[in-house]
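Could you build the full structure based on these sequences and the hints that come with them?
For the protein sequence lines, the chains are X and H, in the order given.
Using my numbering, read the first sequence as starting at 1 and increasing by one per residue.
Using my numbering, read the second sequence as starting at 1 and increasing by one per residue.
None of these hints come from the bench; they were simulated from the model.
Remember, it's a predicted structure, so these values are computed and weren't measured experimentally.
Note that the Cβ used here is the ideal one computed from N, Cα and C, for glycine as well.
One or more of the hints may lead you astray.
[Stated by the list, open to error] Calculated lysine-lysine pairs in the DSS-like style (CA-CA distance at most 25 Å, straight line):
1) H:K43 - H:K376
2) H:K346 - X:K85
3) X:K376 - X:K11
4) X:K238 - H:K43
5) X:K346 - H:K238
6) X:K193 - X:K11
7) X:K121 - H:K121
8) H:K121 - H:K11
9) X:K193 - X:K135
10) X:K135 - X:K60
11) X:K188 - X:K135
12) X:K421 - X:K188
13) H:K135 - H:K85
14) H:K85 - X:K346
[Claimed, not checked] Here are the simulated distance ranges between beta carbons:
15) H:G51 - X:D410: 53 to 61 Å
16) H:A184 - X:R411: 37 to 45 Å
17) H:E106 - X:N391: 15 to 23 Å
Read off the chains here:
There are 2 protein chains.
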Amino acid sequence: MTTSNSIKIIKGNIIFTPTPEEFMITEQGFIVIQDGCVEGVYKSLPSMYSGIEITDYSDKLIIPGMNDLHCHAPQFRNLGMAMDKELLPWLDNYTFPEESRFKDEEYAHSVYSEFVREIWKQGTTRIAVYSTVHKSAALQLMELFENAGLGAYVGKVNMDRNCPDSIRESAEGSLADTRELLEAMANKDSLVKPIITPRFVPSCSDHLLDGLGKLATQYGTPVQSHLSENRGEIEWVKELHADSSFYGEVYDRYGLFGQTPTLMAHCVYSDEQEMSLMRSRGVIAVHCPTSNMNVGSGMMPVRNFLDAGIRVALGSDISGGHTCSIFKTMVYAIQISKLLWADSGKQTAFLSNSEAFYMATKGGGSFFGMVGSFEKGYDFDALIIDDSELNRFGYTLEQRLERFIYVGDDRHILHRYVQGKLIEEPAI
Amino acid sequence: MTTSNSIKIIKGNIIFTPTPEEFMITEQGFIVIQDGCVEGVYKSLPSMYSGIEITDYSDKLIIPGMNDLHCHAPQFRNLGMAMDKELLPWLDNYTFPEESRFKDEEYAHSVYSEFVREIWKQGTTRIAVYSTVHKSAALQLMELFENAGLGAYVGKVNMDRNCPDSIRESAEGSLADTRELLEAMANKDSLVKPIITPRFVPSCSDHLLDGLGKLATQYGTPVQSHLSENRGEIEWVKELHADSSFYGEVYDRYGLFGQTPTLMAHCVYSDEQEMSLMRSRGVIAVHCPTSNMNVGSGMMPVRNFLDAGIRVALGSDISGGHTCSIFKTMVYAIQISKLLWADSGKQTAFLSNSEAFYMATKGGGSFFGMVGSFEKGYDFDALIIDDSELNRFGYTLEQRLERFIYVGDDRHILHRYVQGKLIEEPAI
Chain X
1 MTTSNSIKII KGNIIFTPTP EEFMITEQGF IVIQDGCVEG VYKSLPSMYS GIEITDYSDK
61 LIIPGMNDLH CHAPQFRNLG MAMDKELLPW LDNYTFPEES RFKDEEYAHS VYSEFVREIW
121 KQGTTRIAVY STVHKSAALQ LMELFENAGL GAYVGKVNMD RNCPDSIRES AEGSLADTRE
181 LLEAMANKDS LVKPIITPRF VPSCSDHLLD GLGKLATQYG TPVQSHLSEN RGEIEWVKEL
241 HADSSFYGEV YDRYGLFGQT PTLMAHCVYS DEQEMSLMRS RGVIAVHCPT SNMNVGSGMM
301 PVRNFLDAGI RVALGSDISG GHTCSIFKTM VYAIQISKLL WADSGKQTAF LSNSEAFYMA
361 TKGGGSFFGM VGSFEKGYDF DALIIDDSEL NRFGYTLEQR LERFIYVGDD RHILHRYVQG
421 KLIEEPAI
Chain H
1 MTTSNSIKII KGNIIFTPTP EEFMITEQGF IVIQDGCVEG VYKSLPSMYS GIEITDYSDK
61 LIIPGMNDLH CHAPQFRNLG MAMDKELLPW LDNYTFPEES RFKDEEYAHS VYSEFVREIW
121 KQGTTRIAVY STVHKSAALQ LMELFENAGL GAYVGKVNMD RNCPDSIRES AEGSLADTRE
181 LLEAMANKDS LVKPIITPRF VPSCSDHLLD GLGKLATQYG TPVQSHLSEN RGEIEWVKEL
241 HADSSFYGEV YDRYGLFGQT PTLMAHCVYS DEQEMSLMRS RGVIAVHCPT SNMNVGSGMM
301 PVRNFLDAGI RVALGSDISG GHTCSIFKTM VYAIQISKLL WADSGKQTAF LSNSEAFYMA
361 TKGGGSFFGM VGSFEKGYDF DALIIDDSEL NRFGYTLEQR LERFIYVGDD RHILHRYVQG
421 KLIEEPAI
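Rendered as structure tokens:
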């Protein structure tokens, strides 16, 4: 038996989704945590753990932390505004000008500090996030996540064409800066890691994509980008790469489509070929329903991706998306699936609560390792939910969770844990 | 000049929509309120008002109160849950069983008290709301709104067919109870008034509809009901009334379609004939985008209604809708219009912020009289928004309002006014 020093025991109403099909619920159960990982969930505490102090959360809910698999930190100032244009003019008019401000380290620090606090506040414990093209800002964002104790893949954005001068890199400069960041983080034992981040095909030359693919392979670094988000964007990619039969093939050609673990955001209009390659390569489709509405992209047919055996996670995609809450992103994912269900003459099934919850926890969490579940061996990333305010009329535990997701907010998140460690509000 | 006793002056950043096309914004302006009504909005205070005390809200926003034109108070316990079925089975499985509990006056009081507080909390100052079939519960809801100081049309629901025994009335009993309520409220000078509320065509016999239409005419009482919400429901109405060429015609035949001021909720699938009659009769279409998603009804083509000259308001429609916030309902209305815009190949225009805001304020407010604007003569129904927490990076006033609508919540609503009177949090 291990020493009790490395063991924590937490008690409460434990809810998680080992599979998308249903919630596993343990009323007044115990989670034994050893060295930051779940040792087990018990209805009655095994006698071997008697004598160890128990943190008793009484009637509160204990659920896995949220995983946000697509997010743009430098767009935090634009959250909840400037959504009157679709993707390409939206980038030109609002997003690129804002991102160009991150050359200023002081400005970057002020926005990123507030951003990291908001991520903490909304109960997100792991995130895959875009910074800007600026190396210094990316390093700052990494440091802020590190100091906060949250898990993050942080990507310095790469782009060397079709963007304003102020944020256009040379291919060589972009690759050199990226390599420098990979080197700086290479031997660190940290929850914060770099990720290769070509913005999207239209903003990256072949030369840049080629170099990024080589870096990904050389350092074994994961990749994130955008895919088949908007009809105008897809047409543009076709014009730029007339020799490609589908959008994702451009990434694939350069080793950026599942050769290392890969996130592709949006996938609203992915065709069968693209989906087939995503499935075989284990590429994760990141569903960003709020952004897809706000920027007028469309409805991602998430059920088709699940049916095709493609891994699906959720992304806030701020500031295309207007909320950092992955709980509210779940709500939108279910709602969009219901619109498609109504449209289909009810031939497809809409998302169940447990399916959406799985995407936000174990589905998205899989990108970070054994994250997003309370099964044995998983990192104990968790939220303690105090929904007493929402529970005045008496509900089942599953109803309480559902109501927290739909009606609750950050006020109901009492505590956040990452790898077994209580995470305090980040200082600004 | 009137005595200063009846005059109040409020200062701050004043924003409202006299027309849907744009926000009228007065930075650091003054609103002069006389006997509860707006006398004028001024950039500089006219000298005739000098010497009168000014309530200075400094940098805060002053906007009209929210108007919720479709809402089911007895479904408050079910808010944010039980949305895994479409309309008709949803009614049978979740809604009707819950509504049957309102025979119990104590239960009704406990739920309705919490409901009224939530309406207050979310910044809704006027509401058109359904109670259940129970006369006593309807009276309680009226009293709670009266005590709270909020404006409300409260409808005792009428239904005498196609519903469980526990909440099915006889036509005669339903009409007698309704008449009794109308009599009780007839000579009251109150912000709380009754409204004739046939649930929807499938749950009302011809005899009941006929009697309700006569009551509406006799007492000059407005009417609210549901219209063309869901494909299955519309088919059912066609079966029940094979002689009607469209759903709304059934109401119309009995004097319940604009003969007195009328609200028709949803209108997702209204055809040209129905829309044409709505326009000519001045029937208000109440757009309930959250409910239309959650219960899988579909997307109301709100632009078509505006283009056709039909009055449009917004409704939370809880618990089909999952939020009482009309601000969040605005967000969804814009988002749904963007999906339709994307679907249409961008042939239709999506809703602008000012159009959505107009629906929630002057559009919906028009049902209550001169409500929802700060033009001269309008009731001073207002919210004071303290968005300092959201304003760390510097924004224009219009951006601040947009960000509050998208990102803010009840924490940012500092004060609520109805007819010039500050409304405190209702006691439970």
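TODO: State the violated hints by number, sorted upward, taking the hints as numbered earlier in the document.
DONE: 4, 6, 10, 13, 15
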